[in-house]
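> Sequence:
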Amino acid sequence: MQLLQSSVIAATVGAALVAAAPVELEARDSCTFTSAADAKSGKTSCSTITLSNIEVPAGETLDLTGLNDGTTVIFSGETTFGYKEWEGPLISVSGTNIKVQQASGAKIDGDGSRWWDGEGGNGGKTKPKFFYAHKLDSSSITGLQIYNTPVQGFSIQSDNLNITDVTIDNSAGTAEGHNTDAFDIGSSTYINIDGATVYNQDDCLAINSGSHITFTNGYCDGGHGLSIGSVGGRSDNTVEDVTISNSKVVNSQNGVRIKTVYDATGTVSNVKFEDITLSGITKYGLVVEQDYENGSPTGTPTNGITVSGITFEKVTGTVESDATDIYILCGSGSCTDWTWSGVSITGGPPPQDTLARGRRSELFYTSDGTLRNEARVPATFKFENIIKNIHGDDKIMFIKFVSKTIEWHPEERSTAKDLLEDPWLYADFDDD
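For what it's worth, this note's numbering labels the leading residue of the sequence shown as 918, then goes sequentially.
Read the hints as simulated data drawn from the structure, not as lab findings. All values reported here derive from a predicted model rather than from experimental measurement. Any given hint could be a false lead.
Stated by the list, open to error - Distance condition first, Cα-Cα at most 27 angstroms in a straight line; then the derived BS3-like pairs of lysine-lysine:
no.	residue 1	residue 2
1	K1042	K1001
2	K957	K1016
3	K1024	K1001
4	K957	K1001
5	K957	K1024
6	K1165	K1231
7	K1200	K1165
8	K1016	K1052
9	K1042	K1016
10	K1024	K1200
Stated by the list, open to error - What follows is a set of in silico ranges between Cβ atoms, one per label pair, in the way DEER data are often shown:
no.	residue 1	residue 2	range
11	E1210	A1092	23 to 31 angstroms
12	T949	N1211	46 to 54 angstroms
13	K957	D986	32 to 40 angstroms
14	S947	A1092	41 to 49 angstroms
15	G959	S1225	43 to 51 angstroms
16	Q1018	G1040	30 to 38 angstroms
17	D1254	A1092	29 to 37 angstroms
18	K1231	D1254	28 to 36 angstroms
19	E1210	G994	14 to 22 angstroms
20	T997	S947	20 to 28 angstroms
For each residue, glycine too, the CB sits at the ideal point set by N, CA and C.
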């Protein structure tokens, strides 16, 4: 009888434990954290993590690295950060099959004005980088609303990551913000950024290395445009299979560009810029230059990094009157197999739209829009004949050509000099 009673008790206790088990699992399914410390300590105990109005202490990272496979992270309310001069990052997330998203009305505010001093990462205050998406593989980041990053926004070193409908708004940093790149990508594969809205003071997109990367449906305002590079000088110096499409770049220093490092080695290949609309560009509408050293152009290109299989298709729009429509500076033999289609960038000083000028422009420019390094003058060419048949912008191009001819062909120096000094060349171009 006593044995039976013990068995009944054991069975009852066992049943109670079985009944309690789903309750424990339910508790592990969803957790809400209100502090960075709790999120760090409890991040592996929940499959859905809600971060509610978290105030991250100064000098600390909101550490969401090493999450369990399949974890969902939800930013709720306002996420803020204490002030300290340090390198950051302010947020770091890693794991596999992770979903990062936000609740309705949520925002993540870096309050970058506390660090902004016009120096960016080049000096002044030490500024924390914002969001590390390193080893965030086969994952997604969706709908985040980010404001006022101290310097760079997303640092991406991952595989199979989709970033959708993310806004990075650093418009408050127009005066003092600097190096506020939105998306820096390195050593990554299969990265897709779709529907990004960016207001910043540096590259909207910068791909330093990686492959199978797409950026589409983007809006970039106030920064340095859509960039490949700078490429070179790192452990990984290969960029390949990139498509940047259906995007707008406005009120920015550059439209689209490829930049490589002086005297470095590497490869840029199979890159396509397609359906890009430009307006209010202040420096270069489309630029490829192979002369970067210590972050700045030198004017002297090198050819250690090959740039091949590049397509510019339907890149259109306007630059400011003192900007340059198209600027190409390649090393000897390092830029090959380029395709141009429907490129029309105007507004800067002549020559404008050099890619579509036709036969006359062939005297002055190569098919990629650069001024020839040697004159291409037919045997029957006579200055006196051609000068009668050129008008408007072509006349300005002719001035440039005559100047070069003086350098290239000393035997024509007298004729060229006389023509260059002819007042006719400087008449009102609009009246021709």
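> Which hints, by number, does the structure contradict?
9, 10, 13, 17, 18 and 19
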